[in-house]
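Undergrad: Each chain is listed here by its residues.
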Amino acid sequence: MEKKQTVPLYKKILNPIICVLLGLAFSAIFIIISGFDPLTVFAKMISYSFLNSMGLYGSINGALPLMFCGLSVALAFRMKLNNIGAEGQFAIGAVLGGWFALYGPSLPAPFGLIVMFLLCALGGGLWAAIAAALKAYWKINETIVTLMFNYIALLFLDYLCYGPWMAPKQTTAITPLIPDSMYLPGLGGTSSALILAVVIALLLQFYLQRTTGGYQISVIRDSSQSATYAGISVKRFIFIVFILSGALAGLAGFVKVTGILHRVQAQLPGGAGYTGIVVAYLSQFNPLVVILVAILFGGLQNSCAAVQIMGVPSQIATMIQGTIMIFVIAGEFLNHYKISFYREDGMEVPEQ
Amino acid sequence: MEKPALIEMKGITKRFERVQANDHINLRIYPGEIHALLGENGSGKSTLMNILLGIYKPNSGEILYKGEKISAMTPKIAADMGIGMVHQHFTLIPTLSVAENIFLSMNNTGFFLNKKMIEDQIKDYSCKFALPVDPGAKVWQLSVGEQQRVEIIKLLCRNSEILVLDEPTAVLTPQEAAELFKTLRKMSDQGKSIIFISHKMNEVMEHADRITVLKNGKIEDEMMAADATIARLTKAVVGERDLEGITRKPQKNGDQPLLEINRLRVMNDKGLIALHDISLQLHAGEIFAIAGVAGSGQRELAEALAGLRKVISGNLVMDGANISKTSVKARISMGISFIPEDRLKMGLIPEMNMNQNAVLKEFKKPVYSTAGILRNKSIQALANRYVEEYDIKHGGFHLPVGLMSGGNQQKLLIAREIADNPKLIIASYPVRGLDIGATEAIHRILLEQRDQGACVLLISEELDEIFAMSDRMAVLCDGRLMGIRHTAETDYDEIGRLMSGTSV
Ligand SMILES: Nc1ncnc2c1ncn2[C@@H]1O[C@H](COP(=O)(O)OP(=O)(O)OP(=O)(O)O)[C@@H](O)[C@H]1O
Ligand SMILES: [Mg+2]
Numbered sequence: 001m002e003k004k005q006t007v008p009l010y011k012k013i014l015n016p017i018i019c020v021l022l023g024l025a026f027s028a029i030f031i032i033i034s035g036f037d038p039l040t041v042f043a044k045m046i047s048y049s050f051l052n053s054m055g056l057y058g059s060i061n062g063a064l065p066l067m068f069c070g071l072s073v074a075l076a077f078r079m080k081l082n083n084i085g086a087e088g089q090f091a092i093g094a095v096l097g098g099w100f101a102l103y104g105p106s107l108p109a110p111f112g113l114i115v116m117f118l119l120c121a122l123g124g125g126l127w128a129a130i131a132a133a134l135k136a137y138w139k140i141n142e143t144i145v146t147l148m149f150n151y152i153a154l155l156f157l158d159y160l161c162y163g164p165w166m167a168p169k170q171t172t173a174i175t176p177l178i179p180d181s182m183y184l185p186g187l188g189g190t191s192s193a194l195i196l197a198v199v200i201a202l203l204l205q206f207y208l209q210r211t212t213g214g215y216q217i218s219v220i221r222d223s224s225q226s227a228t229y230a231g232i233s234v235k236r237f238i239f240i241v242f243i244l245s246g247a248l249a250g251l252a253g254f255v256k257v258t259g260i261l262h263r264v265q266a267q268l269p270g271g272a273g274y275t276g277i278v279v280a281y282l283s284q285f286n287p288l289v290v291i292l293v294a295i296l297f298g299g300l301q302n303s304c305a306a307v308q309i310m311g312v313p314s315q316i317a318t319m320i321q322g323t324i325m326i327f328v329i330a331g332e333f334l335n336h337y338k339i340s341f342y343r344e345d346g347m348e349v350p351e352q
Numbered sequence: 353m354e355k356p357a358l359i360e361m362k363g364i365t366k367r368f369e370r371v372q373a374n375d376h377i378n379l380r381i382y383p384g385e386i387h388a389l390l391g392e393n394g395s396g397k398s399t400l401m402n403i404l405l406g407i408y409k410p411n412s413g414e415i416l417y418k419g420e421k422i423s424a425m426t427p428k429i430a431a432d433m434g435i436g437m438v439h440q441h442f443t444l445i446p447t448l449s450v451a452e453n454i455f456l457s458m459n460n461t462g463f464f465l466n467k468k469m470i471e472d473q474i475k476d477y478s479c480k481f482a483l484p485v486d487p488g489a490k491v492w493q494l495s496v497g498e499q500q501r502v503e504i505i506k507l508l509c510r511n512s513e514i515l516v517l518d519e520p521t522a523v524l525t526p527q528e529a530a531e532l533f534k535t536l537r538k539m540s541d542q543g544k545s546i547i548f549i550s551h552k553m554n555e556v557m558e559h560a561d562r563i564t565v566l567k568n569g570k571i572e573d574e575m576m577a578a579d580a581t582i583a584r585l586t587k588a589v590v591g592e593r594d595l596e597g598i599t600r601k602p603q604k605n606g607d608q609p610l611l612e613i614n615r616l617r618v619m620n621d622k623g624l625i626a627l628h629d630i631s632l633q634l635h636a637g638e639i640f641a642i643a644g645v646a647g648s649g650q651r652e653l654a655e656a657l658a659g660l661r662k663v664i665s666g667n668l669v670m671d672g673a674n675i676s677k678t679s680v681k682a683r684i685s686m687g688i689s690f691i692p693e694d695r696l697k698m699g700l701i702p703e704m705n706m707n708q709n710a711v712l713k714e715f716k717k718p719v720y721s722t723a724g725i726l727r728n729k730s731i732q733a734l735a736n737r738y739v740e741e742y743d744i745k746h747g748g749f750h751l752p753v754g755l756m757s758g759g760n761q762q763k764l765l766i767a768r769e770i771a772d773n774p775k776l777i778i779a780s781y782p783v784r785g786l787d788i789g790a791t792e793a794i795h796r797i798l799l800e801q802r803d804q805g806a807c808v809l810l811i812s813e814e815l816d817e818i819f820a821m822s823d824r825m826a827v828l829c830d831g832r833l834m835g836i837r838h839t840a841e842t843d844y845d846e847i848g849r850l851m852s853g854t855s856v
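So the sequence lines, in the order shown, correspond to chains A and B.
If you use my numbering, the first sequence closes out at 352, no skipped numbers anywhere.
If you use my numbering, the second sequence closes out at 856, no skipped numbers anywhere.
In short, the hints are calculated from the structure, not lab data.
Where is the CB? At the ideal position from N, CA and C, for every residue including glycine.
Careful: at least some of the hints might be erroneous.
Derived list of chain A stretches under chain B, where covered just means 3 residues or more per stretch with a C-beta under 8 Å from a C-beta of chain B [what the hints assert, rightly or not]:
(1) 116-130
(2) 217-231
Take a look, some chain A residues computed to stay more than 10 Å from chain B by CB distance [what the hints assert, rightly or not]:
(3) 37
(4) 44
(5) 138
(6) 145
(7) 159
(8) 196
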């Protein structure tokens with residue numbers, strides 16, 4: 001009776017909320033130990049990140065790369081592909097796009113951005129295609145491959161930013177600013193990249209739900225044997241999904257460079273590729289939910305600054321963030337684990 | 353039997369959204385009896401047993417154990433009371449050994465794996481009840497029949513006193529089934545109670561002590577096996593509706609060659625030769641049966657024809673074209689359809705709903721998608737059509753097909769595979785798990801397809817089915833072709849001898 005269980009909707013929603021609360025309660029212990037009042041700290045975190053326009057914009061800006069990385073991981077997982085490589089695909093996307101912005105021919109306003117958009121997607125997509133090829137042709141586990149490729153990608157990015165691309169008279173590893181024509185238009189205090197993210201999430205949702213491509217992805221996820229039986233090429237979809245997933249992560253590079261930093265820098269992804277994995281899991285791999293969860297995580301990261309302002313050591317601030325994440329992930333796991341032991345209602349057990 | 357009942361189920365009612373799976377069912381199980389459950393596909397047999405095991409909670413009704421009311425049955429309580437079940441889809445872990453699998457299922461074993469003790473216990477049961485298994489063998493190496501024996505030993509090791517078997521003989525060869533019933537009888541002689549589900553009336557009458565027939569979730573008839581007749585059982589299962597029996601029209605056009613199989617060699621999953629240079633000619637408008645005990649290369653043959661298994665040497669020629677290397681997709685569009693033997697592993701996607709399964713092979717057709725966008729309305733219409741034409745009982749179109757009853761899953765699969773008027777239908781055990789009414793309906797449909805000019809490659813272990821349905825047959829033994837016969841010119845004896853590898 002080992003069958004995929006259906007988790008009721010209310011549990012799906014309730015579960016993360018309870019876990020966030022538990023995470024907060026747990027981190028409260030450490031806040032108390034370091035001599036602060038947890039409630040004020042939490043209140044400050046929330047008001048700083050979400051309850052004023054400046055903080056909210058900051059949270060969204062922080063969330064933008066997470067959205068794309070989250071979508072990237074979510075898409076791959078829709079076919080049970082573990083793409084741990086969003087971080088590296090993000091970096092390579094930024095490298096290819098950044099190269100064009102910094103050294104490419106200058107094109108009139110929208111065209112430059114469009115070309116850069118495509119190049120970032122292409123960079124991330126091609127980087128992911130390597131893992132796809134290894135998996136499709138030699139059945140090499142994609143989890144390890146994509147993880148290893150992150151190191152290569154990030155080191156390459158660092159090399160460029162410390163070396164040939166480093167801005168003159170700089171001590172940090174950053175490139176010069178890209179031309180103004182390559183800035184994404186702003187949107188209030190944040191960037192129009194938010195619209196881009198929402199549109200892409202909607203498109204992705206549509207693709208997964210309503211198209212033959214999305215249907216085939218689901219078939220492969222649930223039973224690759226039946227997919228083969230029906231004449232669906234599993235290999236082909238390993239490529240399609242990995243390339244699309246990589247392209248989405250590459251777009252995180254596009255957004256970060258054109259919308260936020262306006263330059264390339266060492267360690268540009270800053271862990272967003274990994275946080276994106278958590279975001280995707282918590283969203284149950286649903287693209288639209290990814291956007292919301294990413295904003296929550298952007299806010300969480302942002303709020304760390306707030307508590308630091310209060311004098312809470314930055315380590316504690318980071319710890320709060322980490323604690324909440326761990327609780328949420330653990331809660332997700334326990335949720336599924338528990339249900340397979342106590343079958344309360346008949347709905348859950350398929351049986352001959 | 354005036355002994356007090358060991359288990360009594362009283363007024364059991366279970367509803368799944370749209371279907372009333374169990375409707376006020378009363379069932380008594382006595383110590384030491386073999387009790388058979390019979391009934392149409394979807395009549396609620398598996399559901400009732402899942403309730404007994406505490407896997408499903410009934411909406412109302414109660415379960416009494418030795419006269420004592422169990423307020424809320426759970427799998428744990430059921431196991432403690434010694435109720436165990438062998439599900440139709442086994443729950444063994446293929447990469448582990450028999451002993452390890454059995455160890456995992458025991459709950460009072462302590463922390464360390466006492467291999468010796470478990471192996472001894474296995475050997476003990478295995479000789480006491482004539483259940484030959486090798487404790488050290490890995491489960492993936494075992495045949496279905498052996499796996500089933502492991503499942504039974506697993507229950508014995510947990511001291512089960514009441515054993516429930518859900519369609520145990522559906523996947524067994526007739527010989528294996530006979531062995532199984534000997535074992536079950538030994539157990540009942542020792543006081544254990546057995547409940548088994550089956551669609552095969554002969555075996556029910558021969559091996560059960562008492563028979564209960566379900567219909568639409570209610571008890572339709574109960575009897576001592578001695579009082580049972582085929583007519584009474586048939587009436588209880590299918591109702592007043594008469595079974596006409598199948599009639600075969602003479603072959604109209606059984607001589608144009610459709611598929612030539614030339615010196616075909618393929619490997620099995622273990623990398624050994626599964627078919628040794630087999631040559632066959634299949635004709636349009638005939639039912640060609642493959643007889644043979646399970647594991648003689650039938651699966652490999654079917655998969656090679658469907659394009660799912662590599663042709664090592666030899667070739668396949670369909671309509672004059674060599675298709676040995678043609679993709680699955682191309683073969684589907686050439687009109688090859690395939691009803692695989694293990695429907696939930698290949699063929700159906702248990703997690704997906706009826707509509708998604710119905711359209712699996714046709715989603716690219718313009719009716720079902722335009723410009724890559726699925727047309728849900730026409731897909732729904734397709735599913736509706738299958739449900740109507742094949743009388744598929746289900747709990748709702750949106751539910752995963754894994755939740756449908758076994759027989760109804762099979763009907764859905766067959767409906768889809770035959771819908772597109774294929775030229776070649778590879779049918780592996782097409783009526784496995786179907787009730788007699790549905791079996792007859794499917795047989796009639798296969799004959800209809802033949803009369804319309806399709807070729808049906810019928811893979812089966814039931815000689816009755818093969819003789820009733822086929823025009824010609826080939827016998828496989830150990831991957832070798834033992835002979836090809838016209839059905840009219842051979843008999844059970846000869847085929848039986850060929851199946852066991854004795855050349856005639
Ligand atoms: N978990 C479930 N959720 C929804 N419907 C269900 C579930 N389990 C069973 N059903 C429905 O209940 C009815 C009875 O199913 P059940 O599996 O008990 O039939 P069965 O008698 O075992 O049939 P078969 O001979 O085909 O195996 C069917 O219509 C089935 O679709
Ligand atoms: Mg059943």
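Undergrad: Are the hints correct? Go through all of them and say.
TA: Hint-by-hint comparison with the structure:
1. 116-130: violated (count 0)
2. 217-231: As far as the region 217-231 of chain A goes, the hint holds, because 10 residues have Cβ atoms under 8 Å from chain B.
3. 37: Given that every Cβ of chain B is farther than 10 Å from that of residue 37 (chain A), nearest at about 45 Å, it holds.
4. 44: 45 Å, holds
5. 138: 17 Å, holds
6. 145: Consistent with the label, residue 145 (chain A) stays out of reach of chain B, its closest Cβ about 24 Å off (over 10 Å).
7. 159: Non-interface label stands for residue 159 (chain A): nearest chain B Cβ at 41 Å, farther than 10 Å.
8. 196: 23 Å, holds
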